[in-house]
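Dock chain C against chain E, hints included.
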Amino acid sequence: MEQQDIVIDVGEGAAIPSKKDFGLFSAWRISFFGALAILAYLIVFKPKPYLTIIKFLPDGILVTFQVTFAAIAFSLVLGLITGMGRISKNRVINIVASTYVEVVRGIPLLVQLFYIYYALGRFVRVPDMVAAVIAMSFCYGAYMGEVFRAGIASIDRGQTEAARSLGFNPTQTMFYVVLPQAWRTILPPVGNEFIALLKDTSLVSILAVADLLRRGREFASESFLYFETYTMIALVYLLITLLLSKLVSIMEEKLKYYERS
Amino acid sequence: MNAPDPIIRIENVSKFFGPLRALNHVSLSVAAGEKVVIIGPSGSGKSTLLRAINRLEEIDQGRIEVDGMDITDSKTDINQVRMEVGMVFQSFNLFPHKTALQNLTLAPIKLRKTPRQEAEANGRRLLRKVGIEEKADVYPARLSGGQQQRVAIARSLAMNPKIMLFDEPTSALDPEMIGEVLDVMVNLAREGMTMVVVTHEMGFAREVADRVVFMDQGEILEVGTPQHFFENSQHPRTQRFLKQIL
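Chains as they are written, first to last, in the numbering used here: chain E, 1 to 261; chain C, 1 to 246.
Only chain C is shown next, with the shape it has when bound in the complex:
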């Protein structure tokens, strides 16, 4: 599983919120094409770890390398790194003043200098891929939560990233909309995208993950295949957590 050149390399990372240690000497590598699902109780540091990968969260100690670039080095142009790393948020964060299609084309046009026509064609293709091509010219306020999240995924994909990060993408959704978002994510995984997903959807973890990471109190307690994880977990805290949520 450990490819020689991991696309994400997290080495001995610590992060403090005041006296609170949000991340405690965390190390994790993700190979290109690998799908890693991070689970754990709330406050365990899993979102902080995910957000550290594209430096939305600054770390206090350690080193993170993404696609060969050391993002903890202040000389690294973090905006270049972020263009290669898509991120999907719990609260969607679509731009409300832009239509669905404009949400997808803004970054490619401004940052990648893609010609408008090409960006729009690509945007429509991605909206079709997430199943809402007909909503291209609609503003986010008129979309359901599930539709908004699918547009948000498409918005990240429009930058043609090498890695996709998901921060509890279904936690803010009504139950009947979770499936449509997970379907999009499963398809993305099948296409070979490198994915790091923080989620409480154990079904998704079982189906898609190459490795499952269990975090608690800022530490990684256990890493393993879904099979190992759900049937044969070693750590008592992992067992307790799984018992609570399954």
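Isolated chain E (complex conformation):
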């Protein structure tokens, strides 16, 4: 009955602070409040150029979030399908899912972005933003697939047997019994992937998508204030990432409700 907490460490994204890890927890505070203080200092005491730069960025932040959320939604669905495919007893489904994961993991994300962007462009004309979301989802769907696979595999077989013996079919068993429990194992790595994805969206700036980094590059190339601009860009990314990691750790705590005794 006792389930081991299986930690899936994908080794990407920012570390998620937990109260158990005091070092990391303080590191989160230092980074967050440090970044916030530096940002505030620069804006208040050196409004030229820093205030000008920061005013230039909100559009880009919005685009970064749009790409991130759209890609996360699609890659979660794709990941769930892939994860179930990877544990499927059906050989064809299993091989298709496994090959997809293998291929995607073997190609750098930037190359995939270029490839999908230009491959798509050959047949259909889609907006840059859509191409970017498709490419990011395709890539992260494979990573998510591995997370889902591990999460589903972490649930004791007795759970499936109990559900099946009550008369639930395999799909009902997955959605009523296995996945609600697997979430607990899945959420931390999904949170990591989420944050990693947000950072990786900076790559789409190369595809003429006006994300945060792209806006920064535009500003820098006009004003020649490269150092100042990228300082602000880095600080904004850091603050967003740290806020998200905090959010993930709060959700993680909430999901532990049934363990408390």
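Since the hints were made in silico from the structure, they are not lab data. Relax, there's no trap hidden among the hints.
Computed, partial: chain C to chain E, Cβ under 10 Å: (1) V81; (2) S91; (3) L106; (4) R112; (5) Y139.
Derived DSS-like pairs (lysine-lysine); straight-line CA-CA distance at most 25 Å: (6) C/K75 / E/K89; (7) E/K254 / C/K98; (8) C/K129 / C/K110.
Virtual Cβ for every residue (Gly too), placed ideally from N, Cα, C.
Just chain C now, kept in the frame of chain E:
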């Protein structure tokens, strides 16, 4: 004892795990309302046989009929059959993300489309029956092993099954908790439930069983009333087994 229409009919069933023959041409019929206790050394195939009755274990040869449905026929909707056959596991297998009451109401609400209120009322009634009504809103992690197993029995009963299968229901329990689970099972037997029980609890077999089945090495070696079985068993392997455990 052999009623004209047995509710479970196992005919010439064999099952292989690789080269190992887990079940070897096993035949057994259980009449409605009958209590059959299966005993035997570990690895004798008794759990495999029990699990074959609701197809948690696929068999390689033979035929099994449950409540008039041939479960070895691929056209049979096995989920329909399983709704009529409750199963209690050695390791309880309660759903840890659901409270005790939610464990009982999940299947009736989703599968039998019972209205929530009705399912909950029935769930509370069953929890009272197994003596833990006050734990209705508690998660399984906070229940003792004996309490968890009683919830698990109630969870199966919530589907209002015609048959209950028990797979070593007390083997994972601390000794002081075995009694409370057996009491629930004895009461269930008195109410006329059809029961097939794999167990090492010989006291339970003696008190409750209509027939005792002894299995060894994938075969049924002896079937008889408890009295015949414990006082007058014929097969030398049965005698040896009984001597070891009594």
